[in-house]
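Each chain, written out:
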Amino acid sequence: AGISRGPVEQSPSLCVLADSREICSGPRVISCLRAEHGLRVQVCPLGTSDYIVSNRLAVDRLLQSELQSPGNRNKLSQRLQRLQGSFERICVIVETDRVRPGETSRFFQRTQYYDGVLSALVQAGIRILFSSCQEETAALLKDLALLEHRKDAAIQVPTEPEGHRRDILSFYLSIPNLSYGAALNLCHSFGSVAAVANSSVPALAAGARLSRAQAEELHRFLRHDFDLQLLPQPLPAKGKS
Amino acid sequence: PVTAGSIVVPYGHVIGNEKWRGSEVAQRLQGKVRLIFEDGLGLVDFHLSNRTCILLISEADLVAGDEFKRRLVRFRNASSLRGIVIVEKTQISDQYYLGVQKLVVLELGMVLLPVANQGEASQLIIQLVSFCVREQSRDRGANPFLRKQRAQPAEPAVLQTVQQIPGVGKTKALLLLQQFGSIHQLCNVSINELEEVVGQTVAQQIYSF
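Those sequence lines, one after another, are chains A and B. Numbering-wise (the UniProt record's numbering), the first sequence opens with residue 1 and increments by one. Numbering-wise (the UniProt record's numbering), the second sequence opens with residue 1 and increments by one.
There could be a bad hint or two in this list.
[Stated by the list, open to error] Cross-link-like lysine-lysine pairs, in silico, DSS-like; alpha carbons within 27 Å at most:
hint, chain 1, residue 1, chain 2, residue 2
1, B, K69, A, K151
2, A, K151, B, K102
3, B, K19, B, K69
The set of hints was computed from the structure by calculation and includes no laboratory data.
The whole structure should be built from the sequences, with the hints applied where relevant.
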């Protein structure tokens with residue numbers, strides 16, 4: 001009951017980042033978020049996840065059939081493992097596949113494999129939500145964004161840097177395990193790359209809204225002493241170094 | 001009697017609430033897992049391990065009203081166990097599902113998994129048990145969704161990042177890193193030092209970046 005408190009006044013300020021591929025695979029999710037729930041949806045090349053709902057929460061939208069087929073296992077586990085590198089919290093929304101007109105509703109045959117995948121997700125501490133269509137998925141995303149907003153983790157920086165800041169954003173985005181949201185926060189909170197490089201771990205954590213461990217990783221990366229010997233050798237230069 | 005406290009579950013066993021004796025779930029579990037019935041589990045239906053337990057919500061519970069919600073909230077307040085809620089999502093109870101999901105997952109922060117009937121519930125419990133067993137045996141590598149910590153050299157990534165500076169390609173990035181060591185140091189050198197490594201124009205570009 002607590003969630004429904006005043007969504008009308010809060011929603012317009014809420015911001016969700018959507019991966020550009022979602023324009024094709026989940027168009028109604030995006031339009032529903034904008035039109036019905038009044039959220040600001042910024043489409044950008046996230047790469048890692050389908051949606052970023054707050055500074056710490058990434059959401060992946062999966063079709064039920066994707067969880068049913070063992071062929072997807074590797075792709076899915078790589079994707080979720082990569083997400084765990086850059087986000088504190090991960091949620092998957094399992095959406096029922098759309099029945100195309102003319103197609104008789106296929107009976108969902110629950111397999112042992114599917115139960116195994118769910119169990120593994122639960123054990124890995126990944127949140128699971130179930131949705132029966134794109135509209136419901138949009139409503140769930142809105143609920144998640146609202147919840148994160150109440151916990152003071154909402155995305156509150158401008159999401160569309162311009163000019164010189166674009167270059168700086170792509171510089172931050174190339175840092176491993178740094179999420180799109182964290183990169184935006186860095187752009188916004190620090191005046192220059194030098195200011196980021198000279199910051200302490202707590203300052204990085206506060207400025208980029210990262211957890212302590214993630215801020216430490218970023219700090220280590222910026223101060224990493226480059227050693228040419230450790231670079232994987234290009235093919236022509238193969239041999240003992 | 002609100003018992004939601006921890007209970008010692010023998011390795012590889014499941015402790016079931018007495019009220020499920022003879023039910024379809026219990027019958028299907030028997031033979032697949034070692035099931036023990038116990039009285040006085042209170043709110044919990046099945047204990048899978050010392051820290052994981054299951055609360056089962058039937059179609060009838062959903063239709064009957066809000067009693068099951070009180071049970072879930074009582075459990076959440078009384079227990080620090082990881083509670084997995086399994087709910088019977090059928091054609092009849094489907095309409096309640098979204099509301100239950102909002103309560104269980106978003107407000108109480110528990111896990112909610114829908115099944116179509118008791119048969120599916122037992123299959124799901126069997127899989128959950130097998131993951132609990134693996135967790136207890138510290139065989140965490142078996143979970144494909146847990147991040148494995150691999151120590152990878154940061155060199156390729158650092159090189160990649162430096163190349164994002166306008167005017168810097170692979171060759172210049174290598175030169176800069178060999179000369180200055182880290183991104184941190186690169187940010188703190190004077191324009192004159194940069195000019196010694198790259199040309200004047202690029203040095204200016206890097207410096208102003």
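Results of checking the hints against the structure:
1. The hinted pair formed by K69 (chain B) and K151 (chain A) meets the criterion: a straight-line CA distance of about 23 Å does not exceed 27 Å.
2. Distance restraint check for K151 (chain A) and K102 (chain B): the Cα-Cα separation of roughly 16 Å lies within the 27 Å cut-off, and the hinted pair is therefore satisfied.
3. Restraint check for K19 (chain B) and K69 (chain B): the C-alpha separation of about 19 Å stays at or below 27 Å, so the hint holds.
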